[in-house]
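**Q** Sequence order for the protein chains is A and B. The numbering of the first sequence is numbering that gives the first Met the number 0, which starts it at 0 and goes up by one. The numbering of the second sequence is numbering that gives the first Met the number 0, which starts it at 0 and goes up by one.
For the record, the hints were derived by calculation from the structure and aren't laboratory data. Keep in mind that the hints are not guaranteed to be accurate.
To be verified - 35 Å max Cα-Cα, derived DSBU-like pairs, lysine-lysine:
no., chain 1, residue 1, chain 2, residue 2
1, A, 126, A, 29
2, A, 110, A, 126
3, A, 109, B, 447
4, A, 107, B, 447
5, B, 56, A, 110
Keep in mind the model is a prediction, meaning the values are calculated, not measured.
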Amino acid sequence: MPGVTLRGLSKRYGAGAGVAAVDDLSLEVKPRELVALLGPSGCGKTTTLRLVAGFLTPDGGEIFVGDRCLSSATSVVPPERRRVAMIFQSYALWPHLTVAQNVGYGLKFKKGLARVERDRRVSEMLKVVQLDGFETRYPSQLSGGQQQRVAVARALVVEPEILLLDEPLSNLDANLREEMRFEIRRLHERFGITTLYVTHDQAEAMVISDRIAVLDRGRVAQVGSAEEIFQHPRTRFVADFIGRTNLVDAVAASSEVVTRGALRLHVATASLTPGARVAVSIRPHEIAFASSSDGRTGDNVLSGRIRRASYLGDAVDYQVEIEGTDVVLRAAAPAALRLKTGEPVSLVIRASACVPLPE
Amino acid sequence: MPSTFDRSVPVWIITAVTLVLLMILPLGWLGWVSISSEQGTTLANYVHVFSDPHLQKALWNTIVLAFWVGLASLAVGVPMAWLTGRTDLPGKRVIRALILASFVTPPFLGAFAWVMLAGPNAGLLNKIYRGVTGSDEPLMNIFTMPGLIFVVALYSFPYVYIMIVNTLELIASDLEEAGAILGASRFRVALTITLPLALPAIISGFILAVLQALALFGSPAILALPAGFHTITTQIWSFFQYPPKVEQAAAFSIPLLLATALLLQLQKRLLGRRGYAGVGGKTGARRPIPLGYWRWPALAAVFAVLACTIALPYAILTKAAFAKAWAQPLSWDNVTLANFHFTFFEYSATRDAIINTLELGIVTATVGAIMAALLAYVTNRRLVPGHQALGFLALAPVVIPGVVLAVGLFIAYTKPPLVLYGTLAILFVAYLTKELPVGYAQADTTFKGVHPELEEAGRILGAGRLRVLREITAPLARSGIIATWCFVFIGVIRELSASIILFTPATKVISVVIFDLKEEGQFAAISVLGLFMLAMTFATVLLMQTVLGRDFIGAKD
Chain A
0 MPGVTLRGLS KRYGAGAGVA AVDDLSLEVK PRELVALLGP SGCGKTTTLR
50 LVAGFLTPDG GEIFVGDRCL SSATSVVPPE RRRVAMIFQS YALWPHLTVA
100 QNVGYGLKFK KGLARVERDR RVSEMLKVVQ LDGFETRYPS QLSGGQQQRV
150 AVARALVVEP EILLLDEPLS NLDANLREEM RFEIRRLHER FGITTLYVTH
200 DQAEAMVISD RIAVLDRGRV AQVGSAEEIF QHPRTRFVAD FIGRTNLVDA
250 VAASSEVVTR GALRLHVATA SLTPGARVAV SIRPHEIAFA SSSDGRTGDN
300 VLSGRIRRAS YLGDAVDYQV EIEGTDVVLR AAAPAALRLK TGEPVSLVIR
350 ASACVPLPE
Chain B
0 MPSTFDRSVP VWIITAVTLV LLMILPLGWL GWVSISSEQG TTLANYVHVF
50 SDPHLQKALW NTIVLAFWVG LASLAVGVPM AWLTGRTDLP GKRVIRALIL
100 ASFVTPPFLG AFAWVMLAGP NAGLLNKIYR GVTGSDEPLM NIFTMPGLIF
150 VVALYSFPYV YIMIVNTLEL IASDLEEAGA ILGASRFRVA LTITLPLALP
200 AIISGFILAV LQALALFGSP AILALPAGFH TITTQIWSFF QYPPKVEQAA
250 AFSIPLLLAT ALLLQLQKRL LGRRGYAGVG GKTGARRPIP LGYWRWPALA
300 AVFAVLACTI ALPYAILTKA AFAKAWAQPL SWDNVTLANF HFTFFEYSAT
350 RDAIINTLEL GIVTATVGAI MAALLAYVTN RRLVPGHQAL GFLALAPVVI
400 PGVVLAVGLF IAYTKPPLVL YGTLAILFVA YLTKELPVGY AQADTTFKGV
450 HPELEEAGRI LGAGRLRVLR EITAPLARSG IIATWCFVFI GVIRELSASI
500 ILFTPATKVI SVVIFDLKEE GQFAAISVLG LFMLAMTFAT VLLMQTVLGR
550 DFIGAKD
């Protein structure tokens, strides 16, 4: 089972220089790994996937599967010869073919595969996706979730080297979507096909993938496990896109302290250049409320006043004005702690929770 | 590893070249001849056609005709669309079917029928009127400008109707109910909310009707010529009577071409603007507006219009086809099948014309459907650079009135290297060019309905482009392409305005023979041929509705 290597991939749309949809993008997907391409719309994730599928020709860069070069600016292996399978956002089930015909379509192109063997593999795969008995139905007679499973079966039955998924769950309702996340992860663990998974839903990416590549304006902003990306975002974009966060624009006072007006924060590194502009990301749940200033040494202790409290059931979301500054921090606290609007509070934030981001 | 040569490329290139030849050659020659004389390039042809008072009159007549036809079509089409689209008027399905029948009835057949109905002396309605009132004067004379406007409008209002009924279907009832809840009566709601929302469609329907009237040859030739006046199209035709004055015909064609292009551009703009919220999406259910005691008067009015477009003309055609003398009263003594025998077996011109028409219809529809499908596929899938230009070219012939196209083709193909004049081939080229926009539009809709991911799924599983085309795209597009074939076929078998200039004695088609028979006063044979033409048309319409599972006015009802 080979991995996928994207090296300096570029794709522009429009006349002349055009707009770069994918801009010098590099990414390494290890064999048997499932990597999610995560980003907002327009970040180039679908274009990247279509480049890997061979539907688009890159303007620059290369795509390798193992040591096989599939795409470069000068030559592109057509989609049908890439040994890649894809699951589409629309499922793309052929309405004029039955479930069995849909699933078996790709097997017709496997040389030396007898018809009996084809039928056997189709029914076996339909069992895997729990659709046995549906062979002679047409796609229009299936529910959304069932159609999704047919699309999955059709892609897996050809035993591709690489599997591509383009927002496959976006057409399902919320409950089914959650269920299918685990289903896709289960199938990945069973078949171990190297997979690229495009989504704009961070929860989906976190549940399904081994690693996440966050894309921003056609480039990879950060690659890592869900935890790495959440805990240690490397850019302002990543911090803001993954989970909710407070972003404080400040200036480095020393190698480990930033200031903004009267606000002084010890941050998670000791390598800042004094005088540099630094954005600091603080997750709302990392902010603790203290009755008195009982923080340990090195923790940041701030005093402020509750501006607004929003009851959310399992937690309360507070907006806290920090004294002597224009900064408003959002903090999440257990519902048991009920603070009132206007109440003075003291906040404790560990230095390690204040992640500085280069501008 | 370089990818292998894509076998589909030559197909696209051939299509593109053909398209350029169909359009560029005739129009290029048309423009060139209009400014040429024996002494070289000149504007003399234009000066001549625009300073001759006779020709000025023809121009003015055309403007008068087109304007009044546009207004009359609105006056009929708008209320009808509102009644069938928005209210609880009974019999909506029947009304819709009858309007569709008006839409596919060749206008020149309608004009013939109205000659028999309202000719000043022998016209049936006038005879009845005189019989009832004892008056010596006819009730109406169809050989007048108002008569011409009346008959042309009868077959132009369906354009307005279709335009507006499709827009009304997109206006959600809650927009109207919001007006009602604020205290407006239901007719006030129609006037102040529904009507303004549909305004772009109404204006654009008006433009379509005007364009119909501008380009029409048959009805003016049948009604205006005996009345002693010309329109642009009949005038261009008469330039081809011996001795032909091709340069003047060309110079007279250009303004008609420009006017059409301009009006279509205007219409496209109006429809493209779509500034109104609620039009263009499906929001909420639509509940019919109760008409109350107005139901029956409204129904009577609708059927009165449809009697003029369908019932009366079809009845008189049928009567004339089966009668020994069409103007005599209905009785068993007067019934005969001799007219059919005469038309199909004795009169040699009709038999050849039927064969020619069928041949041209089938060949043009087949080639046209294939070409439209290829073009629509190329443009939808953006397969070649400049695909937008191809789509534009495929739709462009819409601006060329049949008569003008014929003048261009006549000039282009009477000289080497391609001498097509005198063969069926020149009619084929004319029909293909003329019907391409309709075919393309239908094929385009078809391929818009086939999601590209359906093809990509086939590619990625191992099928090559042509295999995907054969196994996935073709089956999915089949019914749409059959409908395209039907559209082109219907258009071809009724075509008159280009045929009348391009035919030769050996290449007559049914419409031309009908026109000839009129000169000879053979009303019975005309009626037989007309019924035959209608039968073919309706058979094709039925086939199309069967494959599409709906009528072609618009969305499923």
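**Q** Each hint: holds or not?
**A** Quick rundown of the hints versus the structure:
Only pairs whose Cα atoms come within 35 Å are accepted, and residue 126 of chain A paired with residue 29 of chain A is accepted, the gap being roughly 29 Å. This hinted pair checks out: residue 110 of chain A and residue 126 of chain A have alpha carbons roughly 24 Å apart, not beyond 35 Å. Simply put, residue 109 of chain A and residue 447 of chain B have alpha-carbon atoms about 31 Å apart, close enough for the 35 Å limit, and the pair holds. Restraint check for residue 107 of chain A and residue 447 of chain B: satisfied, since their Cα atoms lie roughly 28 Å apart, inside the 35 Å limit.
For the proposed pair residue 56 of chain B and residue 110 of chain A, the alpha carbon gap of about 75 Å is over 35 Å, so the pair is violated.
Going through the hint list in order, the structure does not satisfy hint 5, though it satisfies all others.
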